[in-house]
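Between the sequences and the hints, there should be enough to build the whole structure, so can you do that?
Convert by adding 194 to the 1-based position in the sequence shown; the result is the number in the working numbering.
If you're looking for bench data, these hints aren't it; they were derived computationally from the structure.
Incorrect hints may appear among the rest.
Unchecked claim - Think about it this way: if two alpha-carbon atoms lie no more than 20 Å apart in a straight line, the pair counts; the simulated PhoX-like pairs of lysine-lysine are:
no.	residue 1	residue 2
1	K318	K217
2	K220	K422
3	K319	K457
Stated by the list, open to error - With beta-carbon atoms standing in for the labels, derived distance ranges:
no.	residue 1	residue 2	range
4	D213	E406	20 to 28 Å
5	D320	Q221	23 to 31 Å
6	G243	A375	24 to 32 Å
7	W397	L356	43 to 51 Å
Where a beta carbon is used, it is the ideal one built from N, C-alpha and C, also for glycine.
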Amino acid sequence: MDQSVGNGVFQALIQEHYDGLSKRLKQLARYLLENPERLALCTVAELAGEADVPPSTVIRLANALGFGGFSEMRREIRSQLHYTGSYTDRVQAAHPESAQQGTLSPLIEKSRGSLQVLEQSINKKDLLRAVSLIQQADTIYVMGVRRAHPVATYLAYGLWQLDRRCVLLGGKGGLHQEEAAGIRRTDLVFLISYYPYGEETLWMQEHARMREARLITLTDNEVSPLAKDADLALFVRDAEVGGVRGLSTSMCLAQGLILSLAKN
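Laid out in structure tokens, this is it:
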């Protein structure tokens, strides 16, 4: 592969090839989209262990994306990330078992890293576009189930505080379809979901399109089904410790949207 992978091009490569990948390769591709810094830091064996795939899967993915091998793929993602952390930071990131043990400290450290990734990767034009879509909407319908529910609740709260007409789609009693019956083409639907994506949220995505409403999605990677056909897709990669994902990055982005709206 001759061309250099610049900002966003690695993600675009995965998007381009994703549908044709095997189940194992898709599993690894999702992991790399959510944790690109791990590709920059880990060996084949370490990366395979973290993604729960055989080491050969790492090599096969590199080949499937058009790279000459793992080393070339890692070199290109390193140039994309422009990682400038200290040597100690990099060693601890590559070997998390040697970092400070406990529950809170690792989560704080990883959340800090996720926020830095958000700062580097977020497109300011996307934030302005989100603010514009919200301002133009008659009513904003917000939905997030399970882990995404706190983010949706905060976003709705912020919109209410700004006197925006907002409906928080909670689906109590299994009535999410009835709650969405009033969505019109002049409205905006704001959906939040992460892998594995909520069936209710995916249904709402289709319903919003059927109603010709505008659609903003907040999700975890570029191959998320919520990124498909959205007027605007925003991406966050929240920190994970011990199989439990935080919400600090998602909340930060939601708060940023509310602050931007308040200034306009």
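Outcome of the hint check:
A C-alpha spacing of about 34 Å is found between K318 and K217, which places the hinted pair above 20 Å, so the restraint is violated. For the proposed pair K220 and K422, the alpha carbon gap of about 17 Å is at most 20 Å, so the pair holds. The suggested pairing of K319 with K457 holds, with an alpha-carbon distance near 16 Å, which does not exceed 20 Å. Judged by the Cβ atoms, the range 20 to 28 Å given for D213 and E406 holds: they are separated by roughly 26 Å.
The hinted range of 23 to 31 Å is satisfied by D320 and Q221, whose Cβ atoms lie roughly 27 Å apart. For G243 paired with A375, a C-beta distance near 48 Å fails the hint of 24 to 32 Å. W397 and L356 have their C-beta atoms about 28 Å apart, which leaves the hinted 43 to 51 Å range violated.
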